[in-house]
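FYI, the numbering used here numbers position 326 of the sequence shown as 329, with every residue one higher than the one before it.
Keep in mind the hints are simulated off the structure, nothing from the lab.
Among the hints, erroneous ones may be present.
Beta-carbon label-pair distances, calculated as ranges [claimed, not checked]:
(1) Leu16 to Val395: 36 to 46 Å
(2) Lys199 to Trp115: 30 to 40 Å
(3) Phe349 to His111: 32 to 42 Å
(4) Ala105 to Asn175: 15 to 25 Å
(5) Thr346 to Thr52: 20 to 30 Å
(6) Gly412 to Ser320: 17 to 27 Å
Ideal Cβ positions, reconstructed from N, Cα and C, are used throughout, including at glycine.
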Amino acid sequence: MATATAPRVDWTLIFAQRGFRYFFAAMFVSLFGSGMNFAGVSWYILAATHSTVKVSLQVIVVTLPGLIVPFLGGVLIDRFDRRYLGIALDIARGIAVLGTAAIAYWGHLQIWHLYAMTLITGMGFAMYWATVNALVQEVIPPSQFTGANAVVLIGVQTGMLLAGSMVGFAYNAAGTAGILAIDGATYFVSAICLHKLRRGYVSPRQRSRYPHEYSEATEATAEALETGAFPQVAEAGLTLAMYSDMKEGFAYLKAEPRVRALGLTHATMMAGVVSANVLIVALASQVLHAGARGLGFLEAGWGAGAIVGGLLASQLSARLRMTLYVLAMAGLAMGHMVMPFVTLLFFSVLLQATFGFCRALGGVVAQSTVMHIVPKHFMGRTQSAFAIATTVLQVLMSFGLGWLTQNAGIVAGFSLLALLYAGATGAAIRARQLVS
4 MATATAPRVD WTLIFAQRGF RYFFAAMFVS LFGSGMNFAG VSWYILAATH
54 STVKVSLQVI VVTLPGLIVP FLGGVLIDRF DRRYLGIALD IARGIAVLGT
104 AAIAYWGHLQ IWHLYAMTLI TGMGFAMYWA TVNALVQEVI PPSQFTGANA
154 VVLIGVQTGM LLAGSMVGFA YNAAGTAGIL AIDGATYFVS AICLHKLRRG
204 YVSPRQRSRY PHEYSEATEA TAEALETGAF PQVAEAGLTL AMYSDMKEGF
254 AYLKAEPRVR ALGLTHATMM AGVVSANVLI VALASQVLHA GARGLGFLEA
304 GWGAGAIVGG LLASQLSARL RMTLYVLAMA GLAMGHMVMP FVTLLFFSVL
354 LQATFGFCRA LGGVVAQSTV MHIVPKHFMG RTQSAFAIAT TVLQVLMSFG
404 LGWLTQNAGI VAGFSLLALL YAGATGAAIR ARQLVS
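I would like the entire structure built from these sequences, with the hints used as guidance.
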């Protein structure tokens with residue numbers, strides 16, 4: 004079985020790949036800006052409205068496009084060069100964020116401007132992560148998938164760690180406009196890194212496996228696609244081909260229970276990670292009374308734990324990997340039951356570090372296992388299916404946590420989050436049985 008062996012992680016081999024070095028830099032820079040953006044905007048909304056529901060709306064807006072975009076995005080990712088898709092998504096998001104930064108700088112910023120910006124970045128985000136997760140397969144040898152996923156996650160969390168360490172100070176010094184300007188600039192730096200990742204156009208499709216993308220009976224469609232003489236016919240042919248790809252992706256997932264179990268666990272975990280932002284902002288303000296700087300320390304604790312978790316996950320043997328996967332989900336469930344009763348910032352940061360550790364370990368195990376199972380030409384559609392499931396849970400949880408925290412208190416909110424992670428633990432147990 005693909006997951007039965009655990010090749011030694013060779014850091015030299017991983018970073019010897021020129022493309023991966025640029026890929027790592029793109030992830031690090033992009034997530035540094037995104038981390039500052041998300042934390043800074045969340046704090047601004049809470050300070051301006053004093054409403055956890057309004058903060059939850061920000062989380063909902065950033066995740067809502069994930070209900071629609073991945074259906075088309077997964078097909079595009081498996082049809083076109085993933086590097087070019089990533090560059091286009093970075094540029095589009097950078098323009099939106101810099102535009103909002105300019106509005107904030109000139110003193111005309113309103114809450115709806117932030118929601119609009121978040122919607123645009125959310126549309127890009129819904130497709131971007133599926134794109135880059137699929138791109139990893141193209142720049143790293145299969146024997147190093149576990150190490151590569153660990154390095155990517157470490158890069159992401161290091162960016163988030165630095166962002167968390169700086170966001171409180173940056174917010175107090177430069178305000179929302181400064182934070183958004185930094186984030187907008189990082190998107191363009193990320194796009195440059197992806198541009199340098201490799202040269203030329205690389206299609207993810209294995210043409211030999213698909214000698215006929217369209218029926219031979221539709222010769223007019225094929226000719227129209229080549230000449231552009233009949234755009235209506237060409238559009239119909241392309242739509243049918245994309246529908247066929249989408250249908251093929253669903254058929255693959257239906258036939259692969261291991262991937263479904265891993266996807267459900269990962270989607271549940273990530274829904275908790277993203278929606279928890281609603282509670283962390285409220286915790287820093289209402290329980291710890293630590294302000295924006297306290298929020299920064301909490302985010303930094305998470306990032307530090309995630310870096311350690313990513314390093315450990317890359318060294319795990321196959322025998323231990325899935326067992327610790329289950330324990331990580333259980334740790335998230337139990338830890339979030341305790342979190343609202345901790346009133347000292349130091350211990351809250353330690354708990355956050357533990358959560359980051361568990362999330363990183365779980366993420367590396369899930370993604371590397373999926374990469375060993377799923378063929379390259381199905382990876383875009385598989386990652387998009389995960390994104391859709393994650394988005395559904397994120398939207399429900401974000402609104403539920405915001406409403407419950409505002410009406411029943413922060414303890415009730417953390418209890419609901421712990422219940423979600425308990426569900427992830429059950430799914431992880433099933434995944435372990437199937438994979439092992």
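For each hint, the structure was consulted:
no., hint, in the structure
1, Leu16 to Val395: 36 to 46 Å, "holds, 38 Å"
2, Lys199 to Trp115: 30 to 40 Å, "holds, 37 Å"
3, Phe349 to His111: 32 to 42 Å, "holds, 40 Å"
4, Ala105 to Asn175: 15 to 25 Å, "holds, 21 Å"
5, Thr346 to Thr52: 20 to 30 Å, "holds, 25 Å"
6, Gly412 to Ser320: 17 to 27 Å, "violated, 43 Å"
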